[in-house]
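Required output: the full structure, derived from the provided sequences and hints.
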Amino acid sequence: MSELLSISESSGSRSAAALYYVRILMRSRTFLVGGVVVVFWLLAAAAWPFIVPYDPQAVAPFDAFSPPNAVHWLGTDQLGRDVFSRVLAGSTSVLAIAPAATVLAVFAGSLIGLVAGYYGGIADDLLMRFVDAQLAFPGLITAVMVLGLLGPSELNMILLIAIFFTPLVARVARSSVLGEREKDYIGAARMRGERSPYVMFIEILPNITGPIVVEGTVRLGYAVFTAATLSFLGLGLQPPSPDWGRTVSEQANYLQDAPWALLGPAVALATLVVGVNLLADGLRRAVRE
Amino acid sequence: MRHFVLQRLLQMVVTLAIVAILVFAFSELLPGDIGRAMLGRFATPDQVLRLNHELGADRPLVERFVDWATHFAAGDWGTSQLLDTPVQSLVVDRLANSLLLSVVALIVVVPLSILAGLMAGVNENGLVDRFVTVVGLSMTVIPEFVSGVVLLVIFAVALHILPVTAQAPQGSGLGTRIEYLILPSLPLVFELFGYIARMARATTLAVVEAPYYRTAILKGLPRRRILTHHVLRNSLPASVTVVAAQFGYLVGGLVVVERLFNYPGIGKLLLDSAVHHDIRVVEACALTLAVLIMVANLVADVSYGVLNPRVRYAGR
Chain A
1 MSELLSISES SGSRSAAALY YVRILMRSRT FLVGGVVVVF WLLAAAAWPF IVPYDPQAVA
61 PFDAFSPPNA VHWLGTDQLG RDVFSRVLAG STSVLAIAPA ATVLAVFAGS LIGLVAGYYG
121 GIADDLLMRF VDAQLAFPGL ITAVMVLGLL GPSELNMILL IAIFFTPLVA RVARSSVLGE
181 REKDYIGAAR MRGERSPYVM FIEILPNITG PIVVEGTVRL GYAVFTAATL SFLGLGLQPP
241 SPDWGRTVSE QANYLQDAPW ALLGPAVALA TLVVGVNLLA DGLRRAVRE
Chain B
1 MRHFVLQRLL QMVVTLAIVA ILVFAFSELL PGDIGRAMLG RFATPDQVLR LNHELGADRP
61 LVERFVDWAT HFAAGDWGTS QLLDTPVQSL VVDRLANSLL LSVVALIVVV PLSILAGLMA
121 GVNENGLVDR FVTVVGLSMT VIPEFVSGVV LLVIFAVALH ILPVTAQAPQ GSGLGTRIEY
181 LILPSLPLVF ELFGYIARMA RATTLAVVEA PYYRTAILKG LPRRRILTHH VLRNSLPASV
241 TVVAAQFGYL VGGLVVVERL FNYPGIGKLL LDSAVHHDIR VVEACALTLA VLIMVANLVA
301 DVSYGVLNPR VRYAGR
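Protein chains in written order, with the working numbering: chain A, 1 to 289; chain B, 1 to 316.
Incorrect hints may appear among the rest.
[As the list claims (entries may be wrong)] Output of the computed footprint for chain B on chain A, the stretches with three or more beta carbons under 8 Å from beta carbons of chain B:
| hint | segment |
| --- | --- |
| 1 | 16-24 |
| 2 | 148-155 |
| 3 | 223-234 |
| 4 | 247-254 |
[Said to hold, decoys possible] To give a feel for the contact side, a few chain B residues facing chain A, derived at Cβ under 7 Å:
| hint | residue |
| --- | --- |
| 5 | F26 |
| 6 | I142 |
| 7 | V146 |
| 8 | R224 |
| 9 | V275 |
| 10 | A296 |
[As the list claims (entries may be wrong)] Cβ pair distances, simulated, as ranges:
| hint | chain 1 | residue 1 | chain 2 | residue 2 | range |
| --- | --- | --- | --- | --- | --- |
| 11 | B | Q47 | A | R129 | 43 to 49 Å |
| 12 | A | P240 | B | E54 | 38 to 44 Å |
| 13 | B | M12 | A | L150 | 42 to 48 Å |
| 14 | A | A70 | B | A25 | 38 to 44 Å |
| 15 | B | V5 | A | V39 | 48 to 54 Å |
| 16 | B | F65 | A | N207 | 54 to 60 Å |
| 17 | B | Q47 | A | F50 | 50 to 56 Å |
| 18 | A | P240 | B | V92 | 48 to 54 Å |
| 19 | A | S15 | B | R214 | 46 to 52 Å |
| 20 | A | D257 | B | L83 | 28 to 34 Å |
| 21 | A | M191 | B | E209 | 39 to 45 Å |
| 22 | A | A70 | B | L83 | 47 to 53 Å |
| 23 | B | P86 | A | N207 | 45 to 51 Å |
These are computed hints drawn from the structure, not numbers from a lab. The structure presented is a predicted model; accordingly, all values stated were derived computationally and were not measured. No residue lacks a Cβ here, since even glycine has one placed at the ideal position from N, Cα and C.
Take a look at the structure:
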């Protein structure tokens with residue numbers, strides 16, 4: 001009975017804490033602006049087939065290189081395809097690859113960080129050496145090598161980004177665990193005879209979700225950055241995909257004829273990365289308060 | 001100090017060996033059958049076997065690695081299959097181009113960002129501070145190719161102020177070459193500005209909170225003297241370390257910028273050779289870049305010691 005009571009009590013306080021965070025976040029201008037931008041692109045990525053005025057792949061040779069006008073809001077490219085429709089449709093790939101890679105990295109990184117921080121010793125040393133190696137050699141160079149040699153592939157891109165980010169998430173989880181490990185409630189749980197996995201996942205994990213979520217959002221920004229850059233380098237989706245990075249590198253050949261076909265996806269990508277980073281910044285401040 | 005440098009050099013040799021093994025393993029194993037990868041899918045199995053034998057790709061991996069590493073160390077980097085030229089001169093040539101581009105970017109960004117960080121730190125929450133934290137952050141998170149494209153459209157297409165290409169006409173002097181590199185270097189400047197400025201700001205804030213800063217003001221020293229002698233001298237070592245630590249990002253940015261502006265640097269060489277399975281060139285590029293980044297990190301650590309007397313004299 002007393003156990004039941006304590007559970008309902010703690011879950012009650014947890015939802016109150018969640019409400020408290022939401023209230024802080026709603027007051028943060030950076031969070032709101034970032035949120036609106038990100039939600040816009042998420043909607044575009046999910047619902048573009050119902051919104052776009054033209055088929056993003058529809059070719060119209062007689063309409064090629066037409067500047068922005070009332071019919072084609074952002075103009076057309078070298079094949080007469082509608083740039084506005086392609087920009088909306090192009091959000092799908094980056095918004096699939098980046099979150100997938102981030103989620104993988106957050107799960108793997110939290111797990112590794114929990115274990116390393118909780119047990120310490122060799123697991124901990126090994127993790128920190130990985131982080132060092134990560135920071136010493138740029139992931140983009142490795143990714144260019146691996147994806148170049150293996151051939152372009154979205155799945156490999158997701159896995160590579162996840163592998164690069166895992167140690168970085170793990171480092172954050174680890175240092176948060178170190179902050180919690182010596183607290184009284186952990187000692188109490190151990191004294192009750194709880195097993196290590198219980199202490200790690202039921203006791204510690206809920207108390208370090210804040211820093212992990214913040215790190216995850218920051219990583220999401222970098223994942224968008226990296227995925228877009230790799231597909232710009234031709235290591236992701238291939239034409240005629242409207243993917244932003246890919247489109248920019250393709251349209252760079254028509255810089256003089258149709259700069260709008262280049263600017264559309266470029267500016268869209270800029271708003272998305274800045275949006276995600278504003279979101280992360282707002283979250284970080286809320287968690288710190 | 002000398003002991004420290006020697007120790008770090010020793011560490012570097014060990015790291016380099018590990019990197020060499022990884023680079024070799026990646027480039028030899030990832031493309032699958034090397035002969036097949038080079039000749040394409042229409043070659044007969046016989047041709048593939050013959051090429052593999054010529055390249056020595058049919059020997060055990062360890063033997064190949066030792067062979068490759070000893071040749072590499074002796075300066076024999078092999079021949080590029082794609083361009084049919086010696087790899088070493090190719091890589092050195094492209095590296096020189098990349099270094100010129102990086103130097104142009106660094107000459108602009110280092111003084112600018114350290115100054116901005118200094119001004120931001122001295123006037124916390126002031127105008128410069130807001131600019132550095134908000135605009136600096138945005139500039140840093142936007143991919144280089146995006147800022148590159150926007151800059152290209154503005155300065156080369158709309159205003160016709162700067163050339164569209166990065167390569168000056170053959171035989172032009174250093175001045176003209178640098179003029180062609182202004183536009184390509186700007187995305188790199190944007191990328192690094194936020195990082196360095198924010199770090200310079202943080203170290204400046206630490207100085208501003210120190211008692212000697214207050215003493216200097218209360219003593220009535222001129223503001224300029226306080227900034228140069230008290231703030232800058234104490235915040236500079238950390239900023240220099242950050243610049244060197246950002247070298248890795250800079251190299252990543254080089255791949256992107258060189259691709260966008262079609263500039264023959266080492267980043268574009270790495271990309272092209274990886275896509276076309278030009279294995280020897282991939283290995284040489286990756287290893288060269290790894291050495292470069294390691295040297296940059298070493299320089300960062302050593303310069304921190306040189307610029308900071310507390311560290312410099314501690315070893316005596």
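Exercise. Going back to the hint list, which numbers does this structure go against?
Worked result: 1, 8, 10, 13, 14, 16, 18 and 23
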